[in-house]
Amino acid sequence: MIDMTDMLNVFQNYRGDAIVISGRASKNWVNISTYEKRDVPLGDPAMGGHASFAFGLALANPDKKIVLFDSEGDVLMNMGVLTTIAEVAPPNFYHFLLDNECYATTGGQPVPNAQNVAYDVIASGSGYPSAHAFDNLEDFTNNVEEILSNPGPVMVALKVNPEIENEPIGRRRRWQTRTRDQVIEDLQEELGV
Amino acid sequence: MTQQQAELSPETVLAQIKANGVTHVVWLPDSETNWLYLLMKADPTIELIPVSREGAAFSTAAGLSVGGKKPIILIQNTGLMESGDSLRGWAIGMNIPVVLMVGYRGYTRHGVIQDTAATYTERFLNAFDVDYYLIENSEDAERITIAFNEAERTQRPVAVLVGDEYHGFNR
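In order, the protein sequence lines correspond to chains A and B. With our numbering, letter number 171 in the first sequence gets 171, and the count goes up by one each step, no holes. With our numbering, letter number 58 in the second sequence gets 58, and the count goes up by one each step, no holes.
Check the hints yourself; a few may be wrong.
[Unchecked claim] Label pairs and their computed distance ranges (CB to CB):
#: 1; chain 1: A; residue 1: D63; chain 2: B; residue 2: N149; range: 27 to 37 Å
#: 2; chain 1: B; residue 1: E152; chain 2: A; residue 2: I32; range: 30 to 40 Å
#: 3; chain 1: B; residue 1: N149; chain 2: A; residue 2: Q188; range: 18 to 28 Å
Hints in this document: simulated from the structure, not taken from any laboratory. Note that CB positions come from ideal geometry on N, CA and C, so glycine has one too.
Go ahead and model the full structure; you've got the sequences and the hints to work with.
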């Protein structure tokens, strides 16, 4: 299992000017990123939709590298999108999947068949031209630069430690530094939209 | 009214889509849209993005729209109802000015509806406070432009219900 903050610190070294849709990693990433205006922490507009949102953003901006930190719970909810991404195959789309084997934000209940799903295999079977799986930081560190330097779409499935939240939502620490409207405004300024 | 006027011509619908600057059609096939699909597929100015569940159409369209493109969503009413949370979160919640053309399965002009897909379609849209326009034939097609204008003005999704199941898109 990989510590999510450690993994994001490694990723940060190779992020460059990529647009980062931080998804379920947002509360960790917000303290690591050095390019806030290209970060897209949307909260949770509707579970399962981050991959298709990021895919749409990648299609709209083929000259920008789009990195998504998705989760296995989200992908399980909208798995068909993998076939769409694979068919259209935007080369600027980098699909990182954080697999903590549970629904961490609702108390850590396991996702279906939590320990026995190979998301890299599912991505490959859906037609992704490239897919990787890592369960330790060293292997991830040794490969992430090359993954990001090659064209996508690519799936990078990561086994990460669950960061389970049991506090009622209203009592949780707010990690957001910007409203969603501000996030979109900043992004569109960066994109020249 | 001639028979031709009574039908909804796919060429007319495509002309409306192009006139409103659509760049991407995010869609899932339904029985109303096959002929339109063939026309769009042959048009180099429009990119077709196939999804396998309608909810993904809303989040995909949100990404395209935020990224500076102009998508339209093309789905059936059955899939629209499956997509409630995505419509809420990704389209309404993200202020996405997108038009959804919705095949109105079960719609009948005389009002005697035997298909619950039609029974709940307008009730569903009303529940989400999404405005909609009904088109039944080519004379109604300008309502598509009205929908685009309203979506842009309100920065919200607007629906066009395609009530032409039997003789328009499937020749």
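To see whether the hints hold, each was checked on the structure:
Evaluation of the 27 to 37 Å hint for D63 of chain A and N149 of chain B yields a pass: the beta carbon distance comes to about 30 Å. The hinted window of 30 to 40 Å between E152 of chain B and I32 of chain A holds, with their beta carbons roughly 37 Å apart. Distance hint for N149 of chain B and Q188 of chain A: a CB-CB separation of about 22 Å, consistent with the stated range 18 to 28 Å.
Every hint, counting from the list given before, is met by this structure.
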